[in-house]
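Colleague: Using the sequences and the hints given, assemble the complete structure.
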Amino acid sequence: MTTRESGRVKEGEKRRVLDDAARKRRARKAVEALEQDNFHEDPHADLVMSKKVPKFSDSNEKPTRKKKAKSAEYYKMRFRKTFAQLVEEDASYRPEPPNYMSAQVGPSKFPDRHFCAVCGFLSNYTCISCGARYCSVRCLGTHLDTRCLKWTA
Amino acid sequence: MSETFCYILDNGAYTAKVGFSNAEPKVVPNCIMKAKSERRRPFIGSQIDECRDASGLYYILPFQKGFLTNWDTQKTIWDFIFSKECCPVNLSETPLIVTEPIFNFSSVQEAMTEIFFEEYECQTLLRINATDLAEYQYRKTHNNECTVVVDSGYSFTYIVPYIKGKKYREGIRRIDVGGKVLTNHMKEILSYRQLNVMEESYVINQAKEDSCFVSQDFMADMEIAKRKGPTNTIVKDYVLPDYTTIRRGFLRDVVRPDEDLEQQTLRLNNERFCIPELLFRPSDVGIPQMGIPEAIINSIEACPEENMESLLENIILYGGNTMFRGFRDRTYNEVRALALDHYDVNVTLGENPVTYAWEGGKMMFRDPEFYSFCLTREEYEEEGRPLAFERFDI
Ligand SMILES: [Zn+2]
Ligand SMILES: [Zn+2]
Numbered sequence: 001m002t003t004r005e006s007g008r009v010k011e012g013e014k015r016r017v018l019d020d021a022a023r024k025r026r027a028r029k030a031v032e033a034l035e036q037d038n039f040h041e042d043p044h045a046d047l048v049m050s051k052k053v054p055k056f057s058d059s060n061e062k063p064t065r066k067k068k069a070k071s072a073e074y075y076k077m078r079f080r081k082t083f084a085q086l087v088e089e090d091a092s093y094r095p096e097p098p099n100y101m102s103a104q105v106g107p108s109k110f111p112d113r114h115f116c117a118v119c120g121f122l123s124n125y126t127c128i129s130c131g132a133r134y135c136s137v138r139c140l141g142t143h144l145d146t147r148c149l150k151w152t153a
Numbered sequence: 001m002s003e004t005f006c007y008i009l010d011n012g013a014y015t016a017k018v019g020f021s022n023a024e025p026k027v028v029p030n031c032i033m034k035a036k037s038e039r040r041r042p043f044i045g046s047q048i049d050e051c052r053d054a055s056g057l058y059y060i061l062p063f064q065k066g067f068l069t070n071w072d073t074q075k076t077i078w079d080f081i082f083s084k085e086c087c088p089v090n091l092s093e094t095p096l097i098v099t100e101p102i103f104n105f106s107s108v109q110e111a112m113t114e115i116f117f118e119e120y121e122c123q124t125l126l127r128i129n130a131t132d133l134a135e136y137q138y139r140k141t142h143n144n145e146c147t148v149v150v151d152s153g154y155s156f157t158y159i160v161p162y163i164k165g166k167k168y169r170e171g172i173r174r175i176d177v178g179g180k181v182l183t184n185h186m187k188e189i190l191s192y193r194q195l196n197v198m199e200e201s202y203v204i205n206q207a208k209e210d211s212c213f214v215s216q217d218f219m220a221d222m223e224i225a226k227r228k229g230p231t232n233t234i235v236k237d238y239v240l241p242d243y244t245t246i247r248r249g250f251l252r253d254v255v256r257p258d259e260d261l262e263q264q265t266l267r268l269n270n271e272r273f274c275i276p277e278l279l280f281r282p283s284d285v286g287i288p289q290m291g292i293p294e295a296i297i298n299s300i301e302a303c304p305e306e307n308m309e310s311l312l313e314n315i316i317l318y319g320g321n322t323m324f325r326g327f328r329d330r331t332y333n334e335v336r337a338l339a340l341d342h343y344d345v346n347v348t349l350g351e352n353p354v355t356y357a358w359e360g361g362k363m364m365f366r367d368p369e370f371y372s373f374c375l376t377r378e379e380y381e382e383e384g385r386p387l388a389f390e391r392f393d394i
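Just so you know, the protein sequences line up as chains P and E, in that order.
Final position of the first sequence in UniProt numbering is 153; the numbers increase by one with none missing.
Final position of the second sequence in UniProt numbering is 394; the numbers increase by one with none missing.
Honestly, the hints are just simulated from the structure, not real lab data.
This one's a predicted model, so the numbers in the text were calculated from it and none came from an experiment.
Ideal Cβ placement from N, Cα and C applies to all residues, glycine included.
Some hints here could point you the wrong way.
[Stated by the list, open to error] Simulated restraints on C-beta separations:
#, chain 1, residue 1, chain 2, residue 2, range
1, E, Phe-213, P, Ala-84, 31 to 41 angstroms
2, P, Ala-21, E, Thr-376, 56 to 66 angstroms
3, P, Glu-88, E, Thr-376, 52 to 62 angstroms
4, P, Lys-29, E, Asp-253, 35 to 45 angstroms
[What the hints assert, rightly or not] Simulated pairs of lysine-lysine, BS3-like, Cα-Cα distance not exceeding 27 angstroms:
#, chain 1, residue 1, chain 2, residue 2
5, P, Lys-76, E, Lys-226
6, P, Lys-24, P, Lys-150
7, P, Lys-29, E, Lys-65
8, E, Lys-65, P, Lys-24
9, E, Lys-140, E, Lys-167
10, E, Lys-65, E, Lys-36
11, E, Lys-26, P, Lys-70
12, E, Lys-84, P, Lys-76
13, P, Lys-70, E, Lys-167
14, E, Lys-26, E, Lys-65
15, E, Lys-236, E, Lys-226
16, E, Lys-65, E, Lys-167
17, P, Lys-81, E, Lys-36
18, E, Lys-166, E, Lys-140
19, P, Lys-29, P, Lys-109
20, E, Lys-84, P, Lys-109
21, P, Lys-81, P, Lys-70
22, E, Lys-65, E, Lys-140
23, P, Lys-76, E, Lys-65
Modeller: Structure below.
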């Protein structure tokens, strides 16, 4: 394994090892990425018209509505609260469990399983530099060439 | 004031299930999507069916982590849903049942009450958890005392025990794994291993629905997936949509290179069962939480012991993720293994898992007590918001 590694890793990176904090940061980022809605920019961001989504306030569309409908923008301002604000507010409104926070289920009693970061099969080895898991010399090679210390979290 | 039908809106974080109680529900994407191919307009809800090329779709969702936070987006989608284009309704004449997430934040609840009475001029409103509607349907068809409702949706999976028709709050459990985590994880590993699909949530979500299954024996399936040649019964190719001849991708057998059909494909092997596995082992992807069967037991153990028997006998599953092949069997087998031998275990997959709660609303409307669960416009105007908090057990 050592010969393979030194052959692939450049001199300067040879003894570089990610510290614990950096490994944790990487792991946290990976979990956070699972929450994202999009991984690219709004494709219409450069269009002025797309900033406003078409309205349905056309009055003949809803003959039953007596008063004038308020705009979507009004409700955006009226109920403006971020998720973090809502969680904080809930902690003071419903301080005693059961509540949103307390309902989160605890850790499993089953031991963690480890998978090769490259091929997804079960892994028995840990990369010395970054702590990623791998299953074979081949997958370690791919890992070193593509990820490992190539991107810094 | 008793109407012959009501309007039911099961307002999920990814799809809204909507319709009149005397008709079939529509499943409408609860989002606005923007396409690279169509720069003239965004697509609201089911308008996405008009989109010729759904590659690289950009999502604007009203929900964040399972809670309604983007009201301008939600209002735009509701305006669409209530319009002629989708499922028109006059809420000043038709009672409305609308769902909200478990432990919904109080200011979101207030906003819900306000927008329906003031903006949509609702006459009769019932705000309720989707799990309450699901439990109602299950109880009315099974005549049981206690129920465990498992709702595995887009943002997370909730396990909610009910004793004699009432939520037992101390036993409610949330697993922060839902359809979004699965799709995002699938995108991540496919992008690293084969082809960059990070911008293709819509397509990969379909690939997930079309290809994945829940393993009944994870280690054995891992061994099968390792095999080369025809003894590997798991490996398949997913043909990606090209939006000229193929509008939705599909799974097919691996063909030999000489019979290459010149279609763009993704090779799916252990991905087919490692993705849904996250519902059973969130720790596989670094989320330090129990999987669904373990959380069901954990939930039941938090309930009074005298109800344990009935709870284990009445576990109902619904929500999009429960539609993976093998989901029910795996849940049953693991709960069975974790529960004490002298108890019976029954696990039921809701018929039409996506609309199971909606159908519960339909049944609840026929309850002789229905109007006593609701808040009327007059009551709202007289007593305002405090009464809404009192009446609705969210
Ligand atoms: Zn490997
Ligand atoms: Zn490494």
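Colleague: A separate judgement is required for each hint: does it hold in the structure or not?
Modeller: Here is how each hint holds up against the structure:
1. Distance hint check: the CB atoms of Phe-213(E) and Ala-84(P) are about 37 angstroms apart, consistent with the given range 31 to 41 angstroms.
2. With their beta carbons about 57 angstroms apart, Ala-21(P) and Thr-376(E) fall inside the hinted range of 56 to 66 angstroms.
3. Under the hint 52 to 62 angstroms, the C-beta atoms of Glu-88(P) and Thr-376(E), about 33 angstroms apart, miss the expected range.
4. Between Lys-29(P) and Asp-253(E) the CB atoms are about 37 angstroms apart, so this pair conforms to the stated range of 35 to 45 angstroms.
5. For the hint pairing Lys-76(P) with Lys-226(E), the CA-to-CA distance comes to about 51 angstroms; that exceeds 27 angstroms, so the pair is violated.
6. Between Lys-24(P) and Lys-150(P) the alpha-carbon distance is near 17 angstroms, which keeps this suggested pair within the 27 angstroms criterion.
7. The suggested pairing of Lys-29(P) with Lys-65(E) holds, with an alpha-carbon distance near 16 angstroms, which does not exceed 27 angstroms.
8. Under the criterion of a C-alpha separation no larger than 27 angstroms, the hint pairing Lys-65(E) with Lys-24(P) is consistent with the structure, at around 22 angstroms.
9. Among the hinted pairs, Lys-140(E) with Lys-167(E) is consistent with the structure: their alpha-carbon atoms are about 16 angstroms apart, no more than 27 angstroms.
10. Taking the CA atoms of Lys-65(E) and Lys-36(E), the gap is near 26 angstroms; set against the 27 angstroms cutoff, the hint holds.
11. The hinted pair formed by Lys-26(E) and Lys-70(P) meets the criterion: a straight-line CA distance of about 26 angstroms does not exceed 27 angstroms.
12. Proposed proximity of Lys-84(E) and Lys-76(P) is supported: the alpha carbons are some 24 angstroms apart, at most 27 angstroms.
13. A C-alpha spacing of about 36 angstroms is found between Lys-70(P) and Lys-167(E), which places the hinted pair above 27 angstroms, so the restraint is violated.
14. Restraint check for Lys-26(E) and Lys-65(E): satisfied, since their Cα atoms lie roughly 24 angstroms apart, inside the 27 angstroms limit.
15. As the CA atoms of Lys-236(E) and Lys-226(E) are separated by approximately 13 angstroms, the hinted pair is consistent with the 27 angstroms bound.
16. Between Lys-65(E) and Lys-167(E) the alpha-carbon distance is near 22 angstroms, which keeps this suggested pair within the 27 angstroms criterion.
17. Restraint check for Lys-81(P) and Lys-36(E): not satisfied, since their Cα atoms lie roughly 30 angstroms apart, outside the 27 angstroms limit.
18. For the suggested pair Lys-166(E) and Lys-140(E), the alpha carbons sit about 14 angstroms apart, so the restraint of at most 27 angstroms is met.
19. For the suggested pair Lys-29(P) and Lys-109(P), the alpha carbons sit about 24 angstroms apart, so the restraint of at most 27 angstroms is met.
20. Restraint check for Lys-84(E) and Lys-109(P): the C-alpha separation of about 52 angstroms exceeds 27 angstroms, so the hint is violated.
21. Straight-line distance between C-alpha atoms of Lys-81(P) and Lys-70(P) comes to about 19 angstroms, which keeps the hinted pair within the 27 angstroms bound.
22. Taken as a hint, the Lys-65(E) and Lys-140(E) pair is broken in the structure, with Cα atoms around 32 angstroms apart against an allowance of 27 angstroms.
23. Of the supplied pair hints, the one linking Lys-76(P) and Lys-65(E) holds, its CA atoms being roughly 18 angstroms apart against a limit of 27 angstroms.
In summary, the numbered hints that this structure violates are 3, 5, 13, 17, 20 and 22.
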